[in-house]
Amino acid sequence: MPSPVKTLALSALLALALPVCAQTGGELHFCLHGEPKTFNPILVDDEASENVRYLTGGVLIRLNRQTQELEPALSTSWKISRDRRTITFHLRKGIHFSDGTAFSSEDVAYTMRLLMDPGTHSTTGDSFRSGEGTLQVQTPAPDAVAITFPAPVAGLERLFDQVAILSAHSPKKEMAVLGPFYVAEYKAGSYVLLQKNPNYWKRDAQGHPLPYIDSVRLDIQRNRDIELLRFRRGELQLINRLDAEQFERLQHENPAVTRNAGTGLDAEELWFNQSPAAPLPDYKKAWFATKEFRKAISMAINRADLCRIVYTGYAKPAYGPVSPSNHFWFNAALEDPKYDPQGALRLLAQAGFRLDNDTLKDRAGRPVEFTVVTNSGNAAREKIATMIQQDLSQVGIKVNVVTLDFPSLIERITHTFDYDACVLGLVNTDLDPNSQMNVWLSSSENHQWNPSQKSPATAWEVEIDKLMREQATAPTDKERKAKFDRVQQIAAEQQPFIYLINKDVLVAVSPNVVGAAPVVLEPWGFWNADTLRLGPAPELGVQK
Amino acid sequence: MNARKLRVISAAVLCAIFFVGLFAGAVSPYPYAKQFRERPNATPSSLHLLGTDSLGRDLFARLIYGTRVSLLLAPAAALLATLLAGIFGGFAGLAGGWSEKLILAATDLSMALPLLFVLLALRALLPLNISPILSVTITFTMLGLLGWPSSLRVVWAATKNLRNSDFLLLARATGCSRWRVIVRHLLPNLRPVLFAQFWISIPVFVLTEATLSMLGLGVIEPLPSWGNLLRGLEDISAVSANPWRLTPLVLLILVVICFQFILPSQEEIA
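If you read the sequences in order, they're chains A and B. Position one of the first sequence corresponds to residue 1 (the working numbering), numbered consecutively onward. Position one of the second sequence corresponds to residue 1 (the working numbering), numbered consecutively onward.
Rather than coming from a laboratory, the hints here were simulated on the basis of the structure. We treat Cβ as the ideally placed atom computed from N, Cα and C, and that holds for glycine.
Simulated coverage check for chain B against chain A, where a stretch passes if three residues somewhere in it have a Cβ under 8 Å from a Cβ of chain A:
#1 46 to 56
#2 120 to 134
#3 218 to 228
Subject to a maximum C-alpha distance of 25 Å in a straight line, what follows is the list of computed DSS-like cross-link-like pairs (lysine-lysine):
#4 A/Lys285 - A/Lys361
#5 A/Lys173 - A/Lys202
#6 A/Lys291 - A/Lys338
#7 B/Lys101 - B/Lys160
#8 A/Lys483 - A/Lys291
#9 A/Lys398 - A/Lys338
#10 A/Lys291 - A/Lys361
#11 A/Lys338 - B/Lys34
#12 B/Lys34 - A/Lys361
#13 A/Lys398 - B/Lys34
#14 A/Lys383 - B/Lys34
#15 A/Lys316 - A/Lys383
Take these sequences, add in the hints, and give me the full structure.
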């Protein structure tokens with residue numbers, strides 16, 4: 001019989017041996033879902049380029065996708081002035097770009113000036129623009145840099161997660177990088193090959209240089225079915241985002257390769273057209289402007305069924321503009337409204353509606369009937385609309401479902417306003433509420449229920465405008481959170497958007513990728529690419 | 001089996017399908033839109049003969065209601081398209097000259113237009129607040145009004161052949177009026193061509209409606225049609241796992257074959 005000491009020693013030995021099984025080197029292989037438009041990190045504004053930037057760019061501050069906390073990267077520390085205009089970084093010493101050029105504060109200054117130059121037309125730079133004036137950058141030492149913005153910038157430090165530092169002196173310009181990989185080869189329409197950056201600054205806990213993987217091959221593949229087929233054949237090791245049906249199928253074949261990272265940030269929602277310019281009859285405008293009507297509709301929709309049937313269980317009911325996965329900004333104090341058709345009828349009765357022979361009628365005796373539009377070709381949204389149709393029939397409301405091609409739909413919801421209600425999704429890539437500014441400000445074009453208002457149409461929109469502006473300039477995150485919590489509370493009370501579901505982030509990872517821990521934030525499956533290892537020959541158990 | 005027997009069987013099958021479609025309300029065990037949410041994607045059982053779709057709707061009920069929509073409206077659209085093709089194609093082939101050139105130019109222009117985009121533009125102009133029944137009627141009318149050019153070319157070519165035939169020359173030489181030439185000599189000879197165009201158009205329109213459904217132009221939810229039931233076949237792996245989903249396709253093929261069998265053959269017409 002083995003002694004406890006021997007068993008303990010054996011266990012310890014095994015534990016030490018495990019990381020050794022996962023080798024260093026090798027090539028990680030997965031797909032981009034579009035052609036990268038640029039390799040210049042300053043000009044990135046598409047998902048494929050963003051992925052390449054994440055894998056190649058070195059940033060001063062990195063948002064840890066798992067903890068959702070900011071961590072030092074090229075900077076060892078940073079300090080923000082009380083007026084939130086100036087940020088001072090202390091930089092790591094002895095770091096070199098992938099081509100061997102030394103990294104210093106001059107590179108940061110060069111990058112920031114380029115980023116903020118209006119002539120560059122940088123989308124990343126736009127996030128920093130909060131007022132008129134010019135940027136000032138001071139480089140008191142090679143390892144210190146102070147950046148002063150013309151006006152306070154909310155969530156300033158978080159924005160640096162998107163700023164990949166360029167070399168001011170390298171002849172290779174944007175191709176000289178500070179991230180774990182550099183672009184070694186690119187064949188348009190076919191693939192991007194990234195090689196390990198020999199000068200990458202980061203090391204693991206044992207002091208070994210990172211990344212472990214030698215190269216990353218990104219095939220350009222728009223067709224998700226082909227991507228899935230190649231994964232099942234073992235040609236790819238990662239699929240970065242799967243839809244629920246694909247995930248379910250893969251789960252049946254081989255549960256070991258499927259990873260559900262949890263509830264994502266994106267939401268699907270329904271809203272009613274409240275634009276005064278809408279060519280709708282006045283009685284319909286009056287229905288849609290009634291808070292009780294919107295809340296009753298929200299109560300009559302069975303969100304749990306939407307999650308279970310449309311997303312085969314890989315979604316969660318959504319009740320507000322912030323997903324519960326957004327740990328800091330989610331207002332946990334808000335109550336989840338329950339599915340309650342009888343409660344919805346009571347609320348409708350308070351607003352003057354009555355049920356007459358299974359048909360809901362307004363005060364004037366008009367039957368309540370409206371059309372929900374959504375974009376054609378999106379099976380999930382079509383199903384959502386059809387299920388809403390049945391749910392609302394239980395409270396006597398007749399709903400017509402119309403699917404339109406995307407340009408026609410956008411034309412209707414942004415220009416002609418010739419629609420009753422719409423089901424669409426909002427993509428949230430950032431945790432910070434500033435990224436939702438364009439939705440909540442009443443003057444914004446994306447304030448979908450009543451866009452581009454000259455002055456806010458309702459008292460609660462006045463309050464939201466005020467709160468959103470105040471949170472953008474509040475000195476501390478705590479104060480910002482308090483203000484944005486109130487915005488979420490107003491949104492729950494008024495239901496201008498009836499939030500329906502938050503989709504889960506579904507990823508497929510081959511078992512030979514060691515260390516993969518998909519998260520709900522982009523880039524989901526490979527956020528920790530520099531610490532991923534490729535293990536021994538994969539025992540995929542999937543179709544070869 | 002001789003041709004007559006086949007024709008009788010085909011006619012019986014078609015009648016049965018039409019009958020079931022017409023009296024769908026009496027035959028169907030459930031309303032076509034009812035969602036059994038506790039049983040999505042169910043396999044065939046005594047409760048649901050063909051199982052359920054992804055929203056839990058009974059596929060047998062949807063199939064027979066869809067039969068009504070497709071088998072009434074697709075032939076109506078095919079008839080409209082064939083009539084337009086017959087009138088204008090026949091006129092162009094018979095009259096010749098500038099009117100022939102004008103009609104053929106218009107046909108070529110129509111054929112060059114991408115049908116899908118024309119329909120998209122037309123759908124964008126339609127109001128949203130229309131019932132599913134009206135929407136499907138409009139869709140098939142549009143198909144009929146826009147689906148004539150290829151048939152017209154065939155009818156025109158056939159008419160042109162007949163115009164130069166000896167028997168028409170003889171008929172004209174014996175003093176037959178133009179109307180009599182058309183009714184007694186031309187139309188009976190064009191009948192097989194027109195019939196063929198009509199029968200061919202039916203499955204084409206059913207499938208076009210399926211494509212249009214994907215673009216939001218076809219039959220709108222929750223109304224079923226063969227077209228939107230065929231959309232369930234997009235996912236090949238789901239079909240291989242649930243082969244009963246092929247039933248609408250099997251039914252469509254069966255109907256097309258039956259239509260072909262009940263057509264009079266060239267020899268019989270002669």
